[in-house]
Amino acid sequence: MNNIKRFRKDMILLFAAELLWALGLAMYTSFFPIHIKEVGGNDIIVGFIMSIPSFLGVLAIAGGIWSDLAGSKNAIVFGWAITIPAPLIWMFADSWQWMLVGQIFYALTWVCAPAIAIYILNYDTTGNKMAGYAFVFSAGPIGSIIAPAVGGEVITSFGKETLYFLVFVLYSLATVCTLLLSRQAAKAKPEKRVEYHHADFLTKNSIPKLFDAINPLKQMSSMIIILTIIVSAQNIGQAFVTLYAEEVWNFSLEYIGVASTVLHIGSAIFNFLLGISEKKVKPYTVLIAGNIVFFVSTLFVILGSSTIFSLVSAFFFRGIGRSILLFSQAILAKNITDENNKGFILSVYIAIRNIAIGLVTYPGAFLYHVNPAYPFYAEAIITVLWIVIIACSSRFKGQLSKHTVSF
1 MNNIKRFRKD MILLFAAELL WALGLAMYTS FFPIHIKEVG GNDIIVGFIM SIPSFLGVLA
61 IAGGIWSDLA GSKNAIVFGW AITIPAPLIW MFADSWQWML VGQIFYALTW VCAPAIAIYI
121 LNYDTTGNKM AGYAFVFSAG PIGSIIAPAV GGEVITSFGK ETLYFLVFVL YSLATVCTLL
181 LSRQAAKAKP EKRVEYHHAD FLTKNSIPKL FDAINPLKQM SSMIIILTII VSAQNIGQAF
241 VTLYAEEVWN FSLEYIGVAS TVLHIGSAIF NFLLGISEKK VKPYTVLIAG NIVFFVSTLF
301 VILGSSTIFS LVSAFFFRGI GRSILLFSQA ILAKNITDEN NKGFILSVYI AIRNIAIGLV
361 TYPGAFLYHV NPAYPFYAEA IITVLWIVII ACSSRFKGQL SKHTVSF
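At position 197 of the sequence shown (counting the first as 1) the number is 197 in the numbering used here, and the numbers step up by one without a gap.
The set of hints was computed from the structure by calculation and includes no laboratory data.
Some hints could be false.
[As the list claims (entries may be wrong)] In silico DSSO-like cross-links for lysine-lysine, where the CA-CA straight-line distance does not exceed 27 Å:
1. K129 - K5
2. K280 - K129
3. K73 - K37
4. K9 - K129
[Claimed, not checked] Estimated spans, in silico, between C-beta atoms of each pair:
5. N3 - V384: 44 to 54 Å
6. V388 - S172: 47 to 57 Å
7. V39 - V169: 17 to 27 Å
8. I12 - I308: 36 to 46 Å
9. I225 - F158: 24 to 34 Å
Note that the Cβ used here is the ideal one computed from N, Cα and C, for glycine as well.
Model the full structure from these sequences, guided by the hints.
Structural data, given as structure tokens:
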């Protein structure tokens with residue numbers, strides 16, 4: 001019973017850390033591209049700075065290896081603590097270069113991306129670990145729902161300095177929660193435990209682990225590719241959607257904040273719908289339905305007018321993008337059978353996906369510079385092509401239907 005009590009305590013701490021951090025992130029992220037322009041950045045600079053977290057997502061590989069070898073608590077603490085300087089830098093930023101520096105600090109959080117899941121799923125407890133996993137990851141959507149509207153009100157009434165100070169406080173409190181976590185109590189692994197010293201460490205431990213993970217990666221390469229394509233394509237215009245609302249539709253920051261809150265509400269609803277729908281239909285059917293919803297969101301941007309209805313509808317349906325990202329990650333995770341390298345394999349997918357998301361930001365910036373609607377045209381076209389290919393390919397259908405998925 002003691003291990004169950006400890007497990008519950010740690011899940012509550014992780015939930016609190018996720019909740020506080022999501023509150024801080026969602027308070028400013030909708031207005032971040034606008035701030036970059038205010039301090040001298042152009043459309044290309046906005047795309048570049050917004051792509052930094054995706055490119056540094058490759059650090060998830062290091063975090064996965066770190067967690068597999070030495071436990072995941074240290075990686076989790078580092079991932080939270082390293083974001084604390086970012087809002088302080090943005091608070092005093094007077095040029096886009098300083099916005100970039102802060103973004104780099106923030107992006108280093110990717111080190112802890114696989115560590116959270118590994119910490120929960122490898123916990124030595126008789127408690128319900130999947131329930132704990134679902135509980136912890138419900139904190140993000142909950143924290144994100146009200147925060148954008150609050151952020152819009154704060155920045156309008158008190159200025160961006162106050163907004164970033166509040167983010168700093170929330171990030172600091174979230175980090176304190178991670179410091180209180182118990183040390184990782186992982187299940188014993190079946191392989192033999194060996195003592196390593198100095199240079200022998202790399203040759204006897206890390207390299208075999210990496211080679212052992214290559215075959216599972218090869219087996220899942222097709223799935224990784226098809227999931228990465230659609231998730232990255234849906235981010236071509238993501239960095240510019242709030243700029244579009246301000247510059248093309250001429251909405252104020254308050255309205256943009258409310259619309260961003262609606263986006264997170266949509267994401268939370270679609271998370272739930274995708275989860276319960278998958279119990280009755282195949283994952284590829286759920287993905288196709290989700291992508292049809294995303295296509296509808298692009299139509300509201302492309303064909304919509306400067307009305308509250310168009311703004312709210314576009315942001316609400318765009319919330320499906322976040323749900324598809326999480327759902328596709330869950331599909332892949334269910335296919336990983338190599339428990340000893342699970343953190344590494346999952347982190348490789350996260351890194352590949354994030355690099356792809358970062359890369360598509362650049363053509364998105366170019367297209368936005370030519371015509372603000374063009375990035376959303378590109379999203380719509382690629383989404384339709386992906387739906388047609390998946391619907392007509394029995395091979396991809398089979399790969400996306402091997403396992404059921406639960407959130």
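Comparing the hints with the structure gives:
A hinted pair counts as satisfied when its Cα atoms are at most 27 Å apart, and K129 with K5 qualifies at roughly 13 Å. Of the supplied pair hints, the one linking K280 and K129 holds, its CA atoms being roughly 23 Å apart against a limit of 27 Å. With a C-alpha separation of about 38 Å, the suggested pairing of K73 with K37 is violated against the 27 Å cut-off. The hinted pair formed by K9 and K129 meets the criterion: a straight-line CA distance of about 13 Å does not exceed 27 Å.
Between N3 and V384 the Cβ separation comes to about 50 Å, which falls inside the hinted range of 44 to 54 Å. As the Cβ distance of V388 to S172 is approximately 48 Å, the hint placing it in 47 to 57 Å holds. Under the hint 17 to 27 Å, the C-beta atoms of V39 and V169, about 23 Å apart, fit the expected range. One distance hint, 36 to 46 Å for the beta-carbon pair I12 and I308, holds here, with the actual separation near 38 Å.
Checked against the hint of 24 to 34 Å, the pair I225 and F158 fails, with Cβ atoms roughly 46 Å apart.
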